[in-house]
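A.B. asks: Here is what each chain is made of, one letter per residue.
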Amino acid sequence: MQPYIISLLNHSKETLIDLWQKELESVRTDNYLDSVSDSVYESTNQNFMQFIMRLVSTDQDQAKEQLSSFAEKYIQSGWPLSYYTQGLQAFRRVVLAILSEQESDVQALLLTFSELEAWIDGIINQLVYDYTGNWEDIIEMQKLSLMELSAPLIPVFESITVMPLIGTIDTARAKLIMENLLDGVIEHRSEVVLIDITGVPVVDTMVAHHIIQASEAVRLVGATCILVGIRPEIAQTIVNLGIDLTKFPTKSTLRKGIEKALELTNKKMVDL
Amino acid sequence: MRVPILKLHQYLLISVQVELDDQTALQFQEDLLSKIHVEGSLGVVIDLTSVDMIDSFIAKVLGDVVDMSNLMGAKVVLTGIQPAVAITLIDMGIKLDNVPTALDLEQGLGKLQQELEE
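As you go down the protein sequences, you meet chains R and H in turn. Position 95 of the first sequence, counting from 1, maps to 338 under the working numbering, and the rest follow consecutively. Position 47 of the second sequence, counting from 1, maps to 90 under the working numbering, and the rest follow consecutively.
Be a bit skeptical, because a hint or two may be false.
[Said to hold, decoys possible] In silico EDC-like links for lysine to aspartate or glutamate, alpha-carbon gap of 16 Å or less:
hint, chain 1, residue 1, chain 2, residue 2
1, H, K138, R, D281
2, R, K265, R, D281
3, R, K418, H, D140
4, R, K418, R, E459
5, R, K307, R, D364
6, H, K118, H, D90
7, R, K490, H, D140
8, H, K118, H, D107
9, H, K118, H, E82
10, H, K138, R, D487
11, R, K494, R, E506
12, H, K118, H, D140
[What the hints assert, rightly or not] Pair by pair, the computed Cβ-Cβ distance ranges are:
hint, chain 1, residue 1, chain 2, residue 2, range
13, H, G153, R, L484, 36 to 42 Å
14, H, K103, R, L484, 29 to 35 Å
15, R, V371, H, G136, 45 to 51 Å
16, H, R45, R, E379, 55 to 61 Å
[What the hints assert, rightly or not] Not the full set, but computed from the structure, chain R residues with beta-carbon under 7 Å of chain H:
hint, residue
17, L425
18, D426
19, Q456
20, E459
21, A460
22, L463
23, V464
24, G465
25, K499
The set of hints was computed from the structure by calculation and includes no laboratory data. Just so you know, even glycine gets a beta-carbon here, dropped at the ideal spot from N, CA and C.
With the rest of the complex left out, here is chain R (with noise of 0.2 Å):
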């Protein structure tokens, strides 16, 4: 930034920090701010104010890192982006305030004034940049930890297995179930696999049909298949949708649906 935008900011720094303050107090309410208390709101306020006009004097590499620092603190405690964006957009209307005070010519004004945008814009997007970089971290995070959970497989006998299934399927997770279910039965070396939809909310035509394939893929590899955790509801669903499954058993519990596997496996089980 030219030397003398540098010094006039500085000149200047009380009014501007004491209108800015001002405007602050606005932006506060807009962001759901209104569980923090006075004092923290005014803390992060005096550093935030503190820090820019830090910046301001400092060059341009420089200035990036030190943002970026800046930023990831305040990403951590949760502070919202929008804080930032509209607290610089309330620098710049204090500083267009101050400037047309002091300076006549407009053509003077307009060019001090483009040259402040250009380096509150960067400032934005930096700072927009980092918030959602973090973002994008965290929902990658997301999606491993889901996917790891997305479709266990339990060997519970010799030769039975259970797949436990919670929460809607798409197309991915039914890939993945698909996957996990076929090297599952090779790996445990299962005759039966039984695969629970009790935690499923909804079973749609294309839910079923990727439960259908799935089972017919267990056949496949040769083992069989059950589908157990039926649902009234899903049970009504699945017949008004004209779903076929008469090919596949199918139990209500998968208490049914054990015995039904020891049975195939020629097991059973006594009171002792």
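Using the hints provided, position chain H relative to the given structure of chain R.
C.D. replies: Okay, now just chain H, sitting in the frame of chain R:
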């Protein structure tokens, strides 16, 4: 290239270890049927453990072989279909509905025995 067919008592064992192209598959179909005719076998196990790709034609031939063998009085079990192969078959809409399957050769033989006893 021919697929070797081994005889074990009243069964025939086939472990497919070569790349199945259309010609080989048809040749195999002929060989198997004449072997069943000559030996009077009651059961056939076709092991596909080392096959990592089955296209729609091969799948059709396999289905046909099963039907033909059944006509000649020999029960057929396919064993060792790999997960990846199963997924491709299902994706292509090939279900091999009429074909009994088993996890491996051992379970396949067990299944044949069970069916023959019935």
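A.B. asks: Hint by hint, note whether the structure agrees.
C.D. replies: Hints and how they fare:
1. H/K138 x R/D281: Outside the cut-off at roughly 67 Å; violated.
2. R/K265 x R/D281: Roughly 14 Å separates the two Cα atoms, so the pair holds.
3. R/K418 x H/D140: violated (21 Å)
4. R/K418 x R/E459: This hinted pair holds, its Cα atoms lying about 13 Å apart.
5. R/K307 x R/D364: holds (13 Å)
6. H/K118 x H/D90: Since the Cα atoms of H/K118 and H/D90 sit roughly 14 Å apart, the hinted pair holds (cutoff 16 Å).
7. R/K490 x H/D140: Holds, at about 10 Å.
8. H/K118 x H/D107: Distance of about 13 Å is within 16 Å: holds.
9. H/K118 x H/E82: holds (14 Å)
10. H/K138 x R/D487: holds (15 Å)
11. R/K494 x R/E506: Between R/K494 and R/E506 the Cα gap is close to 14 Å, so the pair holds against 16 Å.
12. H/K118 x H/D140: Within the cut-off at roughly 15 Å; holds.
13. H/G153 x R/L484: 36 to 42 Å: holds (38 Å)
14. H/K103 x R/L484: 29 to 35 Å: Since the Cβ atoms of H/K103 and R/L484 sit about 31 Å apart, the hinted range of 29 to 35 Å holds.
15. R/V371 x H/G136: 45 to 51 Å: Holds - the Cβ-Cβ distance for R/V371 and H/G136, about 47 Å, lies within 45 to 51 Å.
16. H/R45 x R/E379: 55 to 61 Å: holds (56 Å)
17. L425: Given a least distance of 3 Å, the restraint on R/L425 holds.
18. D426: holds (6 Å)
19. Q456: OK, holds: R/Q456 within 7 Å of chain H, min 5 Å.
20. E459: holds (5 Å)
21. A460: holds (4 Å)
22. L463: holds (4 Å)
23. V464: Result: holds, 5 Å to nearest chain H Cβ.
24. G465: Holds - the Cβ of R/G465 comes within 7 Å of chain H, reaching about 4 Å at its closest.
25. K499: Status violated, d = 24 Å.
In terms of the numbered hints stated before, the structure departs from hints 1, 3 and 25, listed from lowest to highest.
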